[in-house]
Each structure stands twice: as structure tokens, then as C-alpha cells.
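Peer 1: The chain contents come next:
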Amino acid sequence: MTNSWTDIKNTDLVIVMGGNAAEAHPCGFKWVTEAKHHRGAKLIVVDPRFTRTASVSDYYAPIRPGTDITFLMGMIRWMIENDKVQWSYVKAFTNASFLVKEEFGWSDGLFTGYDEEKRDYDRSSWEYQLGEDGFALTDPTLQHPRCVWNLLKAHVDAYTPEMVERVCGTPKERFLKIAEMIGECSSPTKTMTSMYALGWTQHSKGSQNIRGMAMLQLILGNIGVPGGGMNALRGHSNIQGLTDIGLMSNLIPGYLNIPTEKEPDWETYMKSRQFKPLLPGQTSYWQNYSKFMVSFQKSMWGDAATAENDWAYHYLPKLDVPAYDMLRMFELMDQGKVNLYFCQGFNPLLALSNRGKNTSALSKLKLLVVMDPLQTETARFWENHGAFNDVDPSAIQTEVIELPTSCFAEDEGALVNSGRWLQWHWAAAEPPGQAKHDTWIMAQIFLRVRELYAAEGGAFPDPILNLTWPYADPSTPMPDELAREMNGTALADVTDPADPTKVLTAAGKQVKSFAELRDDGSTACGCWIYSGCFNEDGNNMARRDNSDPSGLGVHSNWAWSWPLNRRTLYNRASADLDGKPWDPERALLSWNGERWEGFDVPDIAPTAKPGEVMPFIMNPEGVSRLFSRGMMRDGPFPTHMEPFESPVQNVFNDRMRGNPVARMFESDAATLGTSDEFPFVATSYRLTEHFHYWTKHNKVNAAMQPEFFVEISEELAAEKGIQRGGKVRVWSKRGEVWAKALVTKRIKPLTCDGKTVHVVGIPLHWGFVGAAKKGWGPNSLTPAVGDANIETPEFKAFLVNIEPATGEALA
Amino acid sequence: MTMAPDLDSPRTAVANPPVQPMESNLGQGDVVRSSAGGPVAENPRDLTDVAKLIDVSKCIGCKACQTACVEWNDTHPEIGINVGIYENPLDLTPEMYTLMRFTEYDNPDTGDFEWLIRKDGCMHCVDPGCLKACPAPGAIVQYSNGIVDFISENCIGCGYCISGCPFDIPRLSPTQHVVKKCTLCSDRVAVGQGPACAKACPTQAITFGTKDDMTALAAERIEDLKSRGYDNAGLYDPQGVGGTHVMYVLHHADKPSLYSGLPDDPKISDVVEGWKGPTKPVGIAAVGLAAVGAAAMALFTRSRVTPQDEAEATELVQEEMRGSGQPDDRGTV
Chain A
1 MTNSWTDIKN TDLVIVMGGN AAEAHPCGFK WVTEAKHHRG AKLIVVDPRF TRTASVSDYY
61 APIRPGTDIT FLMGMIRWMI ENDKVQWSYV KAFTNASFLV KEEFGWSDGL FTGYDEEKRD
121 YDRSSWEYQL GEDGFALTDP TLQHPRCVWN LLKAHVDAYT PEMVERVCGT PKERFLKIAE
181 MIGECSSPTK TMTSMYALGW TQHSKGSQNI RGMAMLQLIL GNIGVPGGGM NALRGHSNIQ
241 GLTDIGLMSN LIPGYLNIPT EKEPDWETYM KSRQFKPLLP GQTSYWQNYS KFMVSFQKSM
301 WGDAATAEND WAYHYLPKLD VPAYDMLRMF ELMDQGKVNL YFCQGFNPLL ALSNRGKNTS
361 ALSKLKLLVV MDPLQTETAR FWENHGAFND VDPSAIQTEV IELPTSCFAE DEGALVNSGR
421 WLQWHWAAAE PPGQAKHDTW IMAQIFLRVR ELYAAEGGAF PDPILNLTWP YADPSTPMPD
481 ELAREMNGTA LADVTDPADP TKVLTAAGKQ VKSFAELRDD GSTACGCWIY SGCFNEDGNN
541 MARRDNSDPS GLGVHSNWAW SWPLNRRTLY NRASADLDGK PWDPERALLS WNGERWEGFD
601 VPDIAPTAKP GEVMPFIMNP EGVSRLFSRG MMRDGPFPTH MEPFESPVQN VFNDRMRGNP
661 VARMFESDAA TLGTSDEFPF VATSYRLTEH FHYWTKHNKV NAAMQPEFFV EISEELAAEK
721 GIQRGGKVRV WSKRGEVWAK ALVTKRIKPL TCDGKTVHVV GIPLHWGFVG AAKKGWGPNS
781 LTPAVGDANI ETPEFKAFLV NIEPATGEAL A
Chain B
1 MTMAPDLDSP RTAVANPPVQ PMESNLGQGD VVRSSAGGPV AENPRDLTDV AKLIDVSKCI
61 GCKACQTACV EWNDTHPEIG INVGIYENPL DLTPEMYTLM RFTEYDNPDT GDFEWLIRKD
121 GCMHCVDPGC LKACPAPGAI VQYSNGIVDF ISENCIGCGY CISGCPFDIP RLSPTQHVVK
181 KCTLCSDRVA VGQGPACAKA CPTQAITFGT KDDMTALAAE RIEDLKSRGY DNAGLYDPQG
241 VGGTHVMYVL HHADKPSLYS GLPDDPKISD VVEGWKGPTK PVGIAAVGLA AVGAAAMALF
301 TRSRVTPQDE AEATELVQEE MRGSGQPDDR GTV
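Just so you know, the protein sequences line up as chains A and B, in that order.
Going by full-length UniProt numbering, the first sequence opens with residue 1, and the numbers climb by one from there.
Going by full-length UniProt numbering, the second sequence opens with residue 1, and the numbers climb by one from there.
Chain A with its partners taken away, still in its complex shape (with noise of 0.2 angstroms):
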């Protein structure tokens, strides 16, 4: 989120759209029955079905799944054409006004340099024009046919209401209100804030959903005021931690990259990302990358990164592929060329696409490991439940060894809220049985590996001989160890920049932020934006203290959120040129004639001048982007694609198949169904009634909804006579599954392009073990293909049919 839940109180206008925020998100929900009850703010819901969400909502429209870039676009064409623009914010604070690139274009659903036979882009023209200074071009008159804003303008022609109802079946008066409640949010003193999760993100263009309204809320002049933002309502608790802390196969913690194969040495590796500034004056805060990236390196490898050693840079993997993400993983275990797999508080036999290919990788291991607080279908994967898990046990050679773990409620530690804010809990119970902390477990792991290493030399010893281990007790690293080694330390004095004499920091405490942060070995930063939460005032994640003097939900002394305490991110951008809030109802920082102040940490340095430094320091611009550049593999504008099963073809280019530059494996593409065999559409989602796979293992939550079902219109019941509450059967390409039929009005049929489209919502909580009725995941039916930028798989739109179920195959 680029705002925090209790700000959500501030908005005039709730957008749920690509999520379903009452259900999968009920307690943060909370906020937006707060800003409806004492704030008068109006709920849009914008989704496949009539959710519990949109049971709450002012206004309601469908769409048909995996078509919302061209909702988004419309209304990004609707706002220009009717003037709803914040004019000021926008030619302040965006690219609009800077020049692109002649070479750069669009035409047939592509943009310039697309290469049918990589599947990929040269993004080469997708570039500013540069002067002889290195600085882009602009014009701030907006007039330049190249500028960023005529770009747009054009880019987004297409895409008229009639457009709209075309593509996505929503009906062009609902496009409309909705698009009159949206252009209010133009005005300087009214906020929209987009509330969003998986329903954007599980798509193969999930990134360039995300785009999409990041850009209408750029024009509308929402990003970094009260009340707005861009909310990424993430998926679990601890969700936002995990990507914090570089959980992910190409990232290190704080969003710092692990090397690729190209970047063979430190040079070649920082050159790419000290990025200069775009425009003079501008801050580009990723020029501080090489303090983060060695106070990394010194709380990894402390004495052994060594300056003379360009801080053990050759210690870190080099990617010989953008990322082992886990389509890849599975793919290459498909292959038989994965040996063992740990799989860590993860039940991927459910939570990945196609079930049919995980079951088979999981069964070409040697070994796989599973740490996990409940029993887990993955590591039961070899055992046969009849229909629920039909598979052979004998046929399996794969050895499972489960390393019960203990769950969060018997954990110390901090969990990361949507919101970046790391609050601190402790444990409310010993674990269970066997069932040891996931700390301990690795640290067990890691001295025994370390113990092999030291007795048998090996390949390549160095990264696990020297890997720093201060705790006090080594086979215990405690929470609170861990989260000081986070924060940082000063490993010798350091001191003012500008005056040396001046200590900020003695040698062996704890940094302040990282701010104190050097690349010359004097400091060690586990994780640079979590710098702070743990200093020499203590650990900052336990405060407990919910003030707030500001009256708009800041609570800066609840908790501690990253970067720096900072609550809502961008939020210079709250206040105008001349930095004077551009709603003083809504003031959450001013300028005073020398230095930022307000109710929360500036997002700027405190004396940056306003009209001088803008707002989005941590682009080279300062500005934001309405243009992304070449930083997206899919287009610097997002455009029109149809998932990868669809039931109608690509307006713009009806040989386009899916996002033209996501990611295939040809054992995948092999998979995919078409609409003639398999004529509805599906998509996933979660109830409220259970978390993931995890709660139905509790007796209460399983009672609440005990059994499996599908949703489906009433009409399509009647083409299919099927019963509410009838068995039925639903299939795909790669899979079939039995199901509850639960017939609703919530889901109508939708006309796209000119044919009659259903869609058939289908559940994900159900399984073989656990105190619920035995069931399936949508992953039974879903293809493997993930999203072009991140990979995540496309859970949210794909093709199946559906009978009533004849026989017993339900338990």
C-alpha cells in the first residue's frame, strides 16, 4: 500500500476492483465502513461477480475476467476527454510533459520492437528524448505531438465506452456513473483510493493491471494525499515481509537485486543502478544503492567483504535466468532436474497452478521437505485419496520428510501489514508437540551444512564458512537478534557528512536509519528500508501507543512502518507546488518557508524546496511515471490482452494469444484449452469463511462452509440443468474437479463482443486433508502461465466447461 489502512478514512471514493476486499480482507475492511459512516464516501465494486463486497457498495458493474486494462484505459480516456485532470498535480508531478522517443509507437495490439520469435520486445525506443546534457526532453506546454500526455491521449483513443461494453460486457451506462463518480476525484480536495489484490495481480498482464490505475490515480492527482494511493491489499499477514526481505529467487532484502550472469563483477553490477537524475536538481535515491548494497553485504559476510574484495560481491549467486520462479522451479522438477525441494510454510500441490503437473514434478524428486504448522496436501501429495488424489503410491519414489513447524501465534517477532507497518507481537503459546521454530530449524540446517563445509572443503566453502552467525546462542537465533541485524549497525564511527568531527553514530550501535548507512565498510544493514525498526531507542515495531494528533490516521508512534516511519509514501505529493496541501482539511505536511513539516515523515528530503525537488524522489525523473519507460517487458502503456484462454479474440489483433511476451513453457502451451471445447469462463477467489488451505483444518471455519462448490448464473444452470445444489462436474484442459453447485443471481451472463459469456466462480479452499469435506483447488483446472514482469500464475481468468455430475465421484 502506498497509504495505510487507517488512512483509508480519509477518502471520498472507494474503488474495489481487482480484489474483493470485504471477504479476503474483512478486518481492514473496517476502514471503509468508517470513511462511508463518518466521511459520507461512496463504495464502487467492479468485478466478475456481485461479492460481499459489492453487497456494501454504492455502485456495482461487472466485468469479464482478465479484461480490466481496457475498463482502465476507458476511464483514463473518459477523464481527459471530460477534463476531470488534476491539472496542477499532473504537470507537476508526472512524465506528461516529457518527450518519448520518435521511433516508439503502437499499432495491432503491439508496441514497437516486438519479436514474434523471442516472445520479447526491444524496449529501445520505449525511451525519453535525451539533450546533450543527459537530461530527457519536456514540454511543459503539453503541446509537443511526442510529449508523454499526447502519447497517452492517442494510446487510449481506442478504448471508448462502446469499447468498454465490447470487451469487457459491462454495460456502458454503468461504465458511465462509474466514470462520473471517478472524474470528482479530479478536484484537488477529493480522494479516490484503489483497494486491490489478487484479482489483479493472477493475471498474465497482472503488473499492467496495477499500471492502469496507477496512472488514472496520477491523473486524478491521488497518489500521496490522504485518502488516496494505489493499496495493495496483500494476500497474508506476513505477505509484505516476505517481499521485503527478498523471499524471491532474484531479490535481496529491500528490494535490492541478486546479480545476473551479465553482471560478473561489482562495477559491471552497480553501474546498472546508481541511476543519474533524468532532470536537474532531482534526488534519484537509488544513487544511494551502493550503501545498502555493502551494508548488505557487511552483516552477510562482516570481516570477509572487504573493499579489496568488492565486498565478497563474488560470494553471491549470478542468475543465469531473469528468476527461478516457481512455474520455473516446477517446470525444471517436470524435467527431472531438481533433486530436492524444501518447501517452507508453502502447499504448492494447491497453491500453483495445474495440479496434474505438480503432482507429477513433486514425484521426479528425490527428496522434499516440508516445513509447515498443519499437515499439508503437498507433502501427501503420494498418497492416494480416491478421486481427490488419484495417484499411486507405489509409483512414487519421491522421500517426504515433514519438519512440523511452529505457527504465529507461538512466534516472537514482526509481521509486516499491507501497510509496511512491522508490528511486533510475542508468542501466546509453546509449540505443539514436535513442532520447533522456523529459526531454529534453519539454524539446526545451517550448522550442520557449515560443519560438512569445514570438514570436506567442497566447490566452494567461502559463502558459508565466513556467513556472519553473532547469535548468542548459534542454534537459537532469537527475534530480536535477528530484527537488530535488520536495522543495522555502526560497525566503526560514523559521522556528518558535512562535519566529520561530528559522531552520529559510535562504532557498535545501532544505526539510526539508514540514512547513516556507508559503502565504505563502516556499517552492516541486513535490510536497508527495515533501518529503524530496531535502533539504539529500542525496538521501535513494539510501540503500542495510538495517539493521534493528526486526526487522519498516521499513529506514528503505533508500530513502526518502513521507510523511516513513513505512513503514507509519495507524501509530498499532498501538497502543491508551493507546498500548501491541496486539501487543507486533509493536511498531512506543509513547506514553512525552509523545511517540510507536518504529521508525517516527509517523502523528500526536509529542506528540499517545493517547485525544486519533486515528489517522487526515488525516480531519476523525481516525477512519476504516466510513461513507464522500458522498465516493463509488456509496454510502457498498458494495452488491451486477453488472458491466455479467452472466449473471444484479442480486438486489436486477433493472432495476439494472451500477453505476446509472457512467459511459455512449451509443455504449458501444450495445455491450453480453447473456447470451442471449453466455452466459459473461470476465475478463483477466496470466501471469507477460510484462509487459503490453512483453516480448514479448524473444526469452527469448516463448519462455516464445509464442502466445495462452484458458483454459476441462473441462466447458465437452465442452458445446463444443473440444480442449486446439484453435483457437477467442471473441466478443463488440464484438469477436472466435482463440485456444490451454488446457482445466484450475483453472476449474469455478460455479451462480449457480440457472444454470450459465463463465467463460473470457482473457490479455493478445499482439499484432502483437513476437518472440511474433502474437495479441490482451482488449480486442478488452471493453466501454467504466469504474469510477463512477475510470474505469477494466472489463477484469475481461464476456460473450462461444466455438466451436472453423473456417478459418485464425490466422496
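Heads up, some of the hints might be wrong.
Partner residues are not named here, just some residues of chain A that face chain B (Cβ under 10 angstroms, in silico) [as the list claims (entries may be wrong)]:
#1 ALA21
#2 LYS42
#3 PHE708
#4 PHE709
One side only, chain A facing chain B, incomplete, derived with CB under 8 angstroms [claimed, not checked]:
#5 ARG52
#6 GLU666
#7 ALA772
Just so you know, the hints here were simulated from the structure itself, not pulled from any lab data.
Glycine residues also receive a C-beta, built at the ideal position from the N, C-alpha and C atoms.
Add chain B to chain A, keeping to what the hints say.
Peer 2: Same frame as chain A, now just chain B:
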């Protein structure tokens, strides 16, 4: 606000309740009505009326109230089946005192579809039909704050309360042979806490406090709903049962029955009124008992009154009539 010393009941479940242990502050000494002539307090404290307000316009149907109810009351609803609807369990049961009910409604006036979700459960009537119908002395009591409580040790499991309830709420446990329903968490209220459902509700669709405060909050919410085009928004506090201590804010207060059959104008059945109400002479009630019992059975299939129950109940009532010569309740409606 919580249990400040000058207050006799917790005012709201929204704020943090007291965490210090405290003595129960609600009990026999506060009983103002008791079924079948059961004991009432000699000089009951005049507690402030409490109420639970259920704002259906804020309810997201998450069932947190159901799970909190199960956990607080330590009940064990069965893991059932899906029959093609969102309700689970499928109905109120002796193990499930509250239930989200879901209604799909195409609003003919606006052309819009609405999903009306209502938390069902005991309404804690000012004039409780269950208490009037109950033949077992002291099995159903009403405290002076308005809470209607079932006292299981006095319950004979006859099911007459089910017949007496205009909202079809109590459920007979076939194993424990007692009837169960929401107690408005009288055991929590007794120690300064609001009901478990209100505490668990994530959107403050369920709030708890004095009836006056809840009525005022409802007025605020109704104003908001009217501003959003719900011209018939209103408070459900039906006077046919003297008002209730569980109230609803409805978008369509002119049509309560839209919400999974919430009675438009609930009244205690004439049968029950005739049988045990204060307006009828005791003698007629006693004489007519057998016939009335049969009629009640025919009317309310859910009551599961066995012939043996019937006989026992008859005997009890007759004994009561003979013994005390008093009306079978205080008759102070």
C-alpha cells in the same frame, strides 16, 4: 466506554472492555420476569435497557459473529454440506445461536440487484413470547436490562418456547433435551463485556450499548442511508412484541420480510397469548390447555413436542395453577 462505577451495564462493545476480573453483575437479583411463575427478584435493580444494534448496511456477511458465538459459548456445530447457498450451518441449531442469512433481491424500484445479508438470532423481545409460552418455572427469565435468558437447568425441553417465539429462533437439542438460543452473552454482559459477536464484528455492523444509545446510533445510520437513496431506511424495533433488545438498521424498513423472512409485524401467536397471557383468566387457559397444545403443535412443526412433553407440561402448568393461584407471570407488560 466500559464498566465505569456509575454504570450498571457495559455501554458498548466497540471500545476496549475491562481486563480486570470482576464479579458477575447480572443474575437472579435482576430477574423481573420468570416463566411459569418462577422466582423473580424481590427488589430488582432498575438496570438501564441494553440493546444490540445490527446494521445490515454495514454487514459484509463474513460470519465472524457466528464463529465468535461458537467459540464463546463452546458449541459444536456440525461440519455439514453445501446445498447451493451461502448459509452454513443451514439453519439455527442448538449448537449455532446466530446465523447469517443471505437473500438475493432484484429491486424492482431501482432495477439494481441487492444481496441482503442479515444476522439472525434471538431478538430479546421486550414482551418475550418464549417466556410466556414456557411451562417450566424459571426456565426463561428476563433481567431488568431487557435480556431474555434461558436457564437450562430449569428447562424441560418441551419446545413450547419455540411455538411462542414470533421469530422462530429457539432450537431444541435432541441430545441435551433443552432448548438453546442466544443469551445476548448475558455472562459477558455480567462482567462488563459486550456480546462476543459484537466484539468480533470487523465492520462494527454489530454494536452493543444502552437501548437509547443504539437508537441514536441507528438514527445516524438511517440518515446516511437516506442520503444514499434508501428512502425507506429505518430501524426495526417491532412494537408488536413491545420492541426488542436486538434491533436492525434496514435499508428497506418498509419491507422487513425481504431479509430472509424477518417478520413484517411480529406478534406473539394468539394461541400463546390465549394460553398464558395476562389478559386471559387463568382458569380458561388451564381448561383449554390440551386443545391449545395440539393447535400449537400443528402450527409449529419445529417444536418437536412429544406427547410425553405435552403431558409433563400440562401437569406442570396445572400444578402451578393449583399451587400458587397466581398468574403464571408477573403480567407487567
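Peer 1: Next, verify each hint and record whether it holds.
Peer 2: Status of the hints after comparison with the structure:
1. ALA21: holds (9 angstroms)
2. LYS42: Holds. Min distance 8 angstroms.
3. PHE708: holds (8 angstroms)
4. PHE709: holds (5 angstroms)
5. ARG52: Hint on ARG52/A: holds, closest Cβ of chain B at ~5 angstroms, below 8 angstroms.
6. GLU666: violated (39 angstroms)
7. ALA772: holds (6 angstroms)
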